[in-house]
Structure formats: C-alpha cells, structure tokens
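> Read off the chains here:
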Amino acid sequence: MLDGLNWLLDPAHWTGSRGIPTRLLEHLAITGMTLLIAGVIALAAGLAIGHTRRGRGLVVGLSGALRAMPTLGLLVFIAVQFGFGVRLAIIPTLIVLVVLAIPPILAGAYAGVESVDPATVDASRALGLTEWQILWRVEFPLALPLIVGGLRSAMLQVVATATVAAYISLGGLGRFLFDALPLRDYPQMLAGALLVAALALILDLLFLLVGKAVLPTGVRAARGNRRSKTPTERTAA
Amino acid sequence: MSWLFENLSDVWALVLTHVALSVPPILLGLIISVPLGWVAHRYRWGRGTLLTIAGLLYTIPSLALIIAMPTILGTQILDPINLIAALTLYAVALLVRTAADAFDQVSPQVLDAATALGYGPWRRFWQVQLPLAGPIIIAGTRVVSSSTVSLVTLGALVGMSGLGYLFTDGTQRSFPFEIGVGIVGTVLIALIFDLIIVLIGKALLPWSRTRRVRNKTNAETLEVTTNA
Numbered sequence: 001m002l003d004g005l006n007w008l009l010d011p012a013h014w015t016g017s018r019g020i021p022t023r024l025l026e027h028l029a030i031t032g033m034t035l036l037i038a039g040v041i042a043l044a045a046g047l048a049i050g051h052t053r054r055g056r057g058l059v060v061g062l063s064g065a066l067r068a069m070p071t072l073g074l075l076v077f078i079a080v081q082f083g084f085g086v087r088l089a090i091i092p093t094l095i096v097l098v099v100l101a102i103p104p105i106l107a108g109a110y111a112g113v114e115s116v117d118p119a120t121v122d123a124s125r126a127l128g129l130t131e132w133q134i135l136w137r138v139e140f141p142l143a144l145p146l147i148v149g150g151l152r153s154a155m156l157q158v159v160a161t162a163t164v165a166a167y168i169s170l171g172g173l174g175r176f177l178f179d180a181l182p183l184r185d186y187p188q189m190l191a192g193a194l195l196v197a198a199l200a201l202i203l204d205l206l207f208l209l210v211g212k213a214v215l216p217t218g219v220r221a222a223r224g225n226r227r228s229k230t231p232t233e234r235t236a237a
Numbered sequence: 001m002s003w004l005f006e007n008l009s010d011v012w013a014l015v016l017t018h019v020a021l022s023v024p025p026i027l028l029g030l031i032i033s034v035p036l037g038w039v040a041h042r043y044r045w046g047r048g049t050l051l052t053i054a055g056l057l058y059t060i061p062s063l064a065l066i067i068a069m070p071t072i073l074g075t076q077i078l079d080p081i082n083l084i085a086a087l088t089l090y091a092v093a094l095l096v097r098t099a100a101d102a103f104d105q106v107s108p109q110v111l112d113a114a115t116a117l118g119y120g121p122w123r124r125f126w127q128v129q130l131p132l133a134g135p136i137i138i139a140g141t142r143v144v145s146s147s148t149v150s151l152v153t154l155g156a157l158v159g160m161s162g163l164g165y166l167f168t169d170g171t172q173r174s175f176p177f178e179i180g181v182g183i184v185g186t187v188l189i190a191l192i193f194d195l196i197i198v199l200i201g202k203a204l205l206p207w208s209r210t211r212r213v214r215n216k217t218n219a220e221t222l223e224v225t226t227n228a
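In order, the protein sequence lines correspond to chains Y and C.
Letter by letter, the first sequence follows residues 1 to 237 of our numbering.
Letter by letter, the second sequence follows residues 1 to 228 of our numbering.
Hints were generated in silico from the structure; no laboratory data involved.
Worth double-checking, as some hints may not be accurate.
What the hints assert, rightly or not - Output of the computed footprint for chain Y on chain C, the stretches with three or more beta carbons under 8 Å from beta carbons of chain Y: (1) 65-74; (2) 87-93; (3) 176-188.
Even for Gly, the Cβ is constructed at its ideal location relative to N, Cα and C.
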C-alpha cells in the first residue's frame with residue numbers, strides 16, 4: 001500500500017500527457033460524455049414510461065438482460081469486429097458505456113414518476129394542468145431524488161467500466177493499470193486502483209449531496225411527519 | 001464455427017474454471033450477508049454502519065478492488081483468491097442491503113404472533129423470519145449471481161483464467177468469433193445459475209409463488225446492479 005502511495009506522491013507522475021491530471025480529465029470526459037448521451041435518451045424514455053405507465057416490462061427486461069452481459073467482452077467484440085482498433089477506441093467505448101448507463105437512469109426516471117402519489121396527479125389534472133405541465137411541474141420535481149439516484153448508479157458503473165475500457169488503448173485512469181501490468185509495476189497498478197476508487201467515492205458523494213438538494217421542500221416536511229407517526233412499527237423485530 | 005469445435009475441450013476447461021471462480025463469491029456472499037442483514041434490520045447502529053460500509057464498498061470499481069487485493073490479503077497477484085475475495089465483497093455489499101430490506105418487510109405482527117405461540121428467538125428466526133424474508137433474499141441472490149458471473153471475466157485482465165481469457169486472447173488475435181463465444185458462454189452460465197437459484201427458491205419457499213412480494217426499496221436495489 002505504501003508503494004502505491006509513494007508512486008502517487010512522486011511529482012514526476014503529476015505532469016505530462018501520461019500524468020495523473022491528464023488521465024483524470026480523460027476519465028471525467030469519458031464519464032461526462034456517456035452520462036450526457038445516456039441521460040438524454042434514458043430520461044426521455046423513462047419519463048414517458050412513468051407518465052403513461054406503458055412499457056414497464058421494457059425497463060425490467062432491459063436491466064435484467066444487460067446484467068449478465070460481460071461489458072469487457074462487448075467492448076472488445078465491437079472494437080475488433082468493426083475494426084475501430086486503437087485510434088478510434090472512443091467509439092466502441094462510448095457505445096458500451098452508453099448501453100450500460102441507460103438501464104439505471106431509465107429505471108430511476110420511471111420509478112421516480114411512478115412513485116408520485118396518483119392523488120397528486122389527479123389533483124393537478126383537476127386544477128386544469130395539461131399532461132405536459134403535470135409531467136414537468138409535478139411529476140418531474142417529485143421524481144428528481146430517484147432520477148438523481150439512477151444517474152448516480154449509472155455514474156458508478158461508467159467510472160468503473162471506463163477503467164476497463166483502457167484495455168483497448170484509450171486514456172483514462174485505467175491506463176495506469178494496463179501500462180503497469182506487463183511491466184509487473186505493482187506500485188503503479190495500486191496507485192491507479194486507488195485513484196479510480198477515490199474518483200468514484202468523490203463523485204458518489206457529489207451525487208448524494210445533489211440528490212438531497214433536489215428533494216422538494218414539501219416532500220422533506222411530509223417525510224419528517226410520517227417518521228414521527230409510526231414508532232410502533234419499530235418495537236417488534 | 002469450426003474454431004469452436006476444434007477448441008471445444010479448451011473452451012470447456014475455461015467454462016469449468018469460470019464456474020469454479022463464480023460459485024464461491026455467490027455462496028460466501030449469501031452466507032455472510034444474511035446475518036449482517038439481520039443485524040442491520042434489528043439494530044439502528046447496525047443499519048447505519050453496515051449499510052454505509054456496503055455502499056462505500058460497492059462504489060469501488062471492481063478492477064481496482066481485484067488489483068488492490070494482494071496488498072490487503074498478502075497474496076500473489078495471480079492468485080485466484082484475489083478475484084474470489086473481491087467479488088465476495090461485492091456480493092456482500094449488494095446483499096446486505098437486500099437482506100436488511102427483506103427482514104424489514106416481514107410483518108411485526110407475524111413475529112409477535114410467533115412469540116405469543118411460544119417461539120424462542122432462535123426458532124422464530126429460522127422458522128418464521130428467515131422463510132418470510134426468503135423470497136426477497138432469493139431475488140437479491142439472482143442479481144448477485146448474474147453480476148458475479150459477468151465480473152469474473154475481468155480476472156482475465158490481470159492474467160486469470162475463465163471465459164474472460166477468450167476476450168483478451170480474441171482481442172490480441174483480432175478474432176471476434178472467439179470473443180463472441182466468450183460472451184455467449186458467460187451469458188449462458190449466468191442464465192443457468194439464475195435458473196438453478198429460481199428452482200432452489202421454489203423448492204425451499206413454495207409460498208412465494210402464491211404471494212407476490214412487491215417492495216419498493218427492493219425493486220430499486222434490483223435495478224441498481226452490475227458494477228464493472
């Protein structure tokens with residue numbers, strides 16, 4: 001562990017095109033691009049499914065089917081089969097990462113909208129809101145915590161898989177692992193592992209805070225109430 | 001296709017290794033998570049501490065965890081124990097929360113009734129609490145099984161055997177068919193494992209067929225899954 005830390009603290013590893021800041025930015029860029037593309041697709045689909053309550057089976061089926069799919073296999077298959085090779089490694093990487101990120105975001109958006117009390121939606125309709133207004137002004141804000149939750153788990157998967165993607169000669173923090181592996185440079189591998197883990201933890205914390213911040217005030221107050229009302233449920237266990 | 005027939009015995013050996021690497025993390029994860037999940041359900045401090053640790057563990061990318069294992073365990077880099085230990089930690093990280101949720105949704109009145117009928121805590125756990133929490137724990141195990149089988153392929157990146165070898169070998173030889181065999185093989189193993197778990201669940205918990213358990217938090221846990 002100390003060797004890994006020493007490697008991290010060596011100033012020589014903090015500069016240049018193979019330095020830690022460059023790799024970190026590459027990793028963040030890949031993660032950001034993926035979340036943007038997957039977010040647009042999955043949020044649109046998830047909100048539509050949640051609002052209309054149609055196509056629920058699609059969400060469940062999609063996440064179930066993808067769970068067993070080995071991402072490393074899919075990645076190298078696309079890279080080799082379509083000849084993207086080393087120079088265009090970003091294309092297969094983005095395809096695989098987007099495919100991976102869609103199910104959790106979709107599930108979050110769908111579950112978020114579905115979790116909105118039907119009485120609230122009916123009340124909005126009775127007040128004369130159009131379906132579009134209901135979706136954006138009622139369902140979307142109330143669904144936000146779960147939407148952020150979906151984005152958060154997508155982000156974790158993308159950060160982790162972007163590391164694996166470095167196997168096909170792309171940048172990012174995974175390079176430290178794969179550059180060091182043939183050399184048996186274990187300190188560098190460990191340093192790479194520590195960096196990826198730290199990045200994932202920091203981003204996770206960030207999403208956690210965002211998730212708390214977007215919780216509508218009314219919901220927060222209601223939750224406080226509900227909790228104080230049901231202490232009896234906790235007595236027996 | 002002829003490649004597959006020519007190399008059938010090699011591929012079969014990889015399948016067996018893959019299975020041998022996948023089963024211990026799933027079983028160990030289950031054995032460790034159920035008592036921890038019970039503690040998280042029973043004690044407030046347990047819930048906070050255990051679920052936070054599980055959440056943090058789950059955040060760490062698996063490849064990083066596999067690579068860090070030799071430092072933590074003092075093993076060799078190529079030792080399969082690293083992979084098994086890392087994936088067991090993952091399985092626990094996922095299953096502790098599911099198990100805690102599963103115990104939470106067992107009706108307190110049922111447990112009170114069992115106590116009133118003279119069940120002691122030990123017998124009540126085995127004969128009432130665990131069977132009623134069973135369906136959700138089984139559902140969680142299915143998720144863990146699929147993701148574990150898929151994650152075992154990552155071992156190939158650090159030189160371990162299993163179907164992931166077909167991915168690295170197929171990349172080096174620019175031979176997509178070999179990679180495809182690896183993908184299909186991995187998915188098939190995951191499906192067979194899933195089927196086995198479903199059958200075990202039906203045999204052990206016949207009542208879960210009639211009463212569909214619908215639990216929001218669990219549904220969320222199930223969606224949020226594989227972490228490469």
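> Please go over all the hints and tell whether each is borne out by the structure.
Results for each hint:
1. With a threshold of 8 Å between beta carbons, the proposed coverage of the region 65-74 of chain C by chain Y holds, since 5 of its residues qualify and at least three are required.
2. With 0 residues carrying a beta carbon less than 8 Å from a beta carbon of chain Y, the region 87-93 of chain C misses the three-residue requirement, and the given coverage is violated.
3. Evaluation of the coverage hint for the region 176-188 of chain C: fulfilled, as 7 residues show C-beta separations to chain Y shorter than 8 Å, against a requirement of three.
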